[in-house]
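Sequence lines, in order, name chains A and B.
Going by the UniProt record's numbering, 38 is the number at position 38 of the first sequence; the sequence numbering is gapless.
Going by the UniProt record's numbering, 248 is the number at position 248 of the second sequence; the sequence numbering is gapless.
No lab work stands behind these hints: they were computed from the structure.
Heads up, the beta-carbon is just placed ideally off N, CA and C, and yes, glycines get one too.
Just to be clear, a hint being listed does not mean it is correct.
[To be verified] Just a sample of chain A residues kept apart from chain B, beta carbon distances all over 12 Å, derived:
id : residue
1  : M1
2  : D11
3  : E18
4  : L54
5  : M73
6  : T74
7  : E93
8  : L114
9  : G126
10 : V135
11 : R170
12 : S180
[As the list claims (entries may be wrong)] Keeping only pairs whose Cα atoms sit at most 30 Å apart, straight-line, the calculated DSSO-like set for lysine-lysine is:
id : chain 1 : residue 1 : chain 2 : residue 2
13 : A       : K33       : B       : K230
14 : A       : K175      : B       : K317
15 : B       : K230      : B       : K287
16 : B       : K17       : B       : K39
17 : B       : K119      : A       : K175
18 : B       : K147      : B       : K39
19 : A       : K33       : B       : K115
20 : B       : K241      : A       : K175
21 : B       : K123      : B       : K180
22 : B       : K147      : A       : K33
23 : A       : K175      : B       : K115
24 : B       : K230      : A       : K124
25 : B       : K147      : B       : K17
26 : B       : K287      : A       : K124
27 : A       : K124      : B       : K123
28 : A       : K124      : A       : K57
29 : A       : K175      : B       : K180
30 : A       : K124      : B       : K317
31 : B       : K317      : B       : K147
32 : B       : K287      : B       : K180
Given next are the chains, with one letter for each unit.
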Amino acid sequence: MQTFENAKAGDIVQALAERIIENRAYLSEIDGKIGDGDHGVNMAKGFGLAAERLKDKDASLAEALETLGTVLMTEIGGSMGPLYGVMFTEFAEKIEAVDAIDATAYSRMLHAGLEGIQSIGSAKVGDKTLLDSFVPAVEAFDAAIAAGRSFAEALEALTAAAEAGRDSTRDLVAKIGRASRLGERSLGVLDAGATSCAIILRELSGGARARLR
Amino acid sequence: MQRFINNPDEVVEDTVKGFVKAHADIVRLGENPRVIVAKNAPVAGKVGVVTGGGSGHEPAFIGYTGRNMLDAVAVGELFSSPTAKSFHDAMREANGGEGVVCLYGNYAGDNMNVKMAVKLAAKEGIEIATVVANDDVCSAPPEEREKRRGVAGEIFMWKIGGAKAAAGAPLEEVRATAQKAIDNCRSIGVGLGPCTLPAVGHPNFRIEPGTMEVGIGHHGEPGLRVEALKTADEVAKDMCKIVLDDHGLPDGTEVAVLVSGLGATPLNELYILNDTIEREIRARGLKIYRTYVGNYFTSLEMVGATLTVMALDDELKALLDVEVRCTAVF
Chain A
1 MQTFENAKAG
11 DIVQALAERI
21 IENRAYLSEI
31 DGKIGDGDHG
41 VNMAKGFGLA
51 AERLKDKDAS
61 LAEALETLGT
71 VLMTEIGGSM
81 GPLYGVMFTE
91 FAEKIEAVDA
101 IDATAYSRML
111 HAGLEGIQSI
121 GSAKVGDKTL
131 LDSFVPAVEA
141 FDAAIAAGRS
151 FAEALEALTA
161 AAEAGRDSTR
171 DLVAKIGRAS
181 RLGERSLGVL
191 DAGATSCAII
201 LRELSGGARA
211 RLR
Chain B
1 MQRFINNPDE
11 VVEDTVKGFV
21 KAHADIVRLG
31 ENPRVIVAKN
41 APVAGKVGVV
51 TGGGSGHEPA
61 FIGYTGRNML
71 DAVAVGELFS
81 SPTAKSFHDA
91 MREANGGEGV
101 VCLYGNYAGD
111 NMNVKMAVKL
121 AAKEGIEIAT
131 VVANDDVCSA
141 PPEEREKRRG
151 VAGEIFMWKI
161 GGAKAAAGAP
171 LEEVRATAQK
181 AIDNCRSIGV
191 GLGPCTLPAV
201 GHPNFRIEPG
211 TMEVGIGHHG
221 EPGLRVEALK
231 TADEVAKDMC
241 KIVLDDHGLP
251 DGTEVAVLVS
261 GLGATPLNEL
271 YILNDTIERE
281 IRARGLKIYR
291 TYVGNYFTSL
301 EMVGATLTVM
311 ALDDELKALL
321 DVEVRCTAVF
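Starting from the given sequences, assemble the full structure and let the hints guide the process.
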């Protein structure tokens, strides 16, 4: 059975922060089409702060996720601060006591993050939010494992589903948050939250896959 | 951008520092530097009154901190909700032992962060009641009023809630009275020019020259319609029509009127609008009890104005008359 070690896997979060910072301008640009245009700015600020605090810490994945979640929740605010903050702290809590993370633990982690988001937000799949990336990704992961595929293959399925979900938001009308005021005018544009969520899931799962034994 | 800023990422930090230096007789910085606290808070035996919201709306929200009004205010990034921690810390600073009412606006981020802050406060045994403002008429149709955003009517909600708490009312009564105040408010905004978040560097929406956005939100959220810019008289009539049609107030109702600039509209133009607004409201058979004209709730350097009409009863009139000591002239 494939697993990856929790200890020292905090590097995955460092790499994730780098990707978000690289995408600062891009995320703000797509947000600017139907939102405030500050998604990239706020995300880069939060992920950058967390990366700074994790520097040279040799943290486990659970510790790094906890740091990231806490920074987002206590220092970023807006809508993305609490949503991603809850998601990462729930991720951290679920794997805290697991040394070798297998597919079952990874799935538990994903579900806890999703439930955390759903406990504070009111969006559903199809509302043009980060859930449009996250929900199909979790479903694809679980379906791959149920079909007897390996942890590595399931992680690939997860990433592909997250990105397909992200792309689906182009054809969705926003039902929640600021963009929902645009109605039909929100069509044809990617949702910034779904886009950042797909980046997060790709980095997290890619990092896990590279460490599988 | 022609702006007085230092590091665009530290606009809020710099604003708060200058604000506290200017008004040390009325406010102090909280233990959390993203919380502004009234100098006399917490008041033992009084229900605490707090709010919070994104920055860039000055004098809202921080300018309404002070005696008989808000005890503490959570400060967010520009146009972005304060963190749950800042809302929670504001609640703690305001807690005089009788519970705290949190009076805030209906935005996705604020709803989530307040919800989390209420949970954190409950764990410490602080009882919290909340009222969420939804006075912006054009942000959703009447049958979906719960979806409407909160705008300048929040100032009336704070004034009434603050005065009720100062009178010694218990938590549930303060909540119910603040709820009545916001239920009695209807607002509309008209935008003539956009605004720019310094860290973004370009306007976050467009308004073509010669046009206006009727029903614009406090962050440039699109309104009801874009149309050719008309005379002040015609614009004021449209604003009154939208607000008063939605309100449907009986003849003879007394009202409070608030005309606020959105940041870059000169005060004289607000008076020009008010000249017509006063006439229109009287023509509807309503009586104006009090009028406020000024920059009460802005949106950075947006060009435009908002109108808020609050229907009054004897209780609301008495509470509106209570003197407050905060930095915003009110």
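Hint-by-hint comparison with the structure:
Interface exclusion of M1 of chain A from chain B stands, the closest Cβ pair being 37 Å apart, more than 12 Å. For D11 of chain A, the shortest C-beta to C-beta distance to chain B comes to about 26 Å, beyond the 12 Å cut-off, and the non-interface label holds. With 12 Å as the threshold on Cβ separation, the claim that E18 of chain A sits away from chain B holds: the shortest Cβ distance comes to roughly 18 Å. A cut-off of 12 Å between C-beta atoms confirms that L54 of chain A is not in contact with chain B; the least separation is 20 Å.
At roughly 6 Å from the closest C-beta of chain B, the C-beta of M73 of chain A falls inside 12 Å, breaking its exclusion from the interface. In this structure T74 of chain A is not separated from chain B by more than 12 Å, as the shortest Cβ-Cβ distance comes to only about 4 Å. Under the 12 Å C-beta cut-off, the non-interface status given to E93 of chain A relative to chain B holds; the minimum distance is some 16 Å. The non-interface label for L114 of chain A is consistent with chain B: the shortest C-beta to C-beta separation is roughly 15 Å, beyond 12 Å.
Separation of G126 of chain A from chain B is adequate, the least Cβ-Cβ distance of about 17 Å exceeding the 12 Å criterion. The Cβ of V135 of chain A sits about 18 Å from the closest Cβ of chain B, beyond the 12 Å cut-off, so the non-interface label holds. Against chain B, the non-interface label of R170 of chain A holds: every CB pair exceeds 12 Å, the least being about 20 Å. Taking the minimum C-beta to C-beta distance to chain B, about 8 Å, the non-interface status of S180 of chain A is violated against the 12 Å cut.
About 28 Å separates the Cα atoms of K33 of chain A and K230 of chain B, which keeps this hinted pair within 30 Å; it holds. With a C-alpha separation of about 38 Å, the suggested pair K175 of chain A and K317 of chain B falls outside the 30 Å cut-off, and the hint is violated. For the hint linking K230 of chain B to K287 of chain B, the alpha-carbon distance of about 27 Å falls within 30 Å, and the restraint holds. For a cut-off of 30 Å, the pair hint linking K17 of chain B to K39 of chain B stands: about 16 Å separates their Cα positions.
Taking the CA atoms of K119 of chain B and K175 of chain A, the gap is about 27 Å. The hint holds against a cut of 30 Å. Proximity of K147 of chain B to K39 of chain B is assessed by CA-CA distance (about 35 Å); at most 30 Å being required, the pair is judged violated. Among the hinted pairs, K33 of chain A with K115 of chain B is consistent with the structure: their alpha-carbon atoms are about 29 Å apart, no more than 30 Å. Among the hinted pairs, K241 of chain B with K175 of chain A is consistent with the structure: their alpha-carbon atoms are about 28 Å apart, no more than 30 Å.
This hinted pair checks out: K123 of chain B and K180 of chain B have alpha carbons roughly 29 Å apart, not beyond 30 Å. Simply put, K147 of chain B and K33 of chain A have alpha-carbon atoms about 22 Å apart, close enough for the 30 Å limit, and the pair holds. The hinted pair formed by K175 of chain A and K115 of chain B meets the criterion: a straight-line CA distance of about 21 Å does not exceed 30 Å. Taken as a hint, the K230 of chain B and K124 of chain A pair is broken in the structure, with Cα atoms around 41 Å apart against an allowance of 30 Å.
A hinted pair counts as satisfied when its Cα atoms are at most 30 Å apart, and K147 of chain B with K17 of chain B does not qualify at roughly 35 Å. Taking the CA atoms of K287 of chain B and K124 of chain A, the gap is near 45 Å; set against the 30 Å cutoff, the hint is violated. About 29 Å separates the Cα atoms of K124 of chain A and K123 of chain B, which keeps this hinted pair within 30 Å; it holds. Between K124 of chain A and K57 of chain A the alpha-carbon distance is near 37 Å, which puts this suggested pair outside the 30 Å criterion.
Straight-line distance between C-alpha atoms of K175 of chain A and K180 of chain B comes to about 28 Å, which keeps the hinted pair within the 30 Å bound. Under the criterion of a C-alpha separation no larger than 30 Å, the hint pairing K124 of chain A with K317 of chain B is inconsistent with the structure, at around 43 Å. Straight-line distance between C-alpha atoms of K317 of chain B and K147 of chain B comes to about 28 Å, which keeps the hinted pair within the 30 Å bound. This hinted pair checks out: K287 of chain B and K180 of chain B have alpha carbons roughly 19 Å apart, not beyond 30 Å.
Violated hints for the displayed structure, listed by number in ascending order: 5, 6, 12, 14, 18, 24, 25, 26, 28 and 30.
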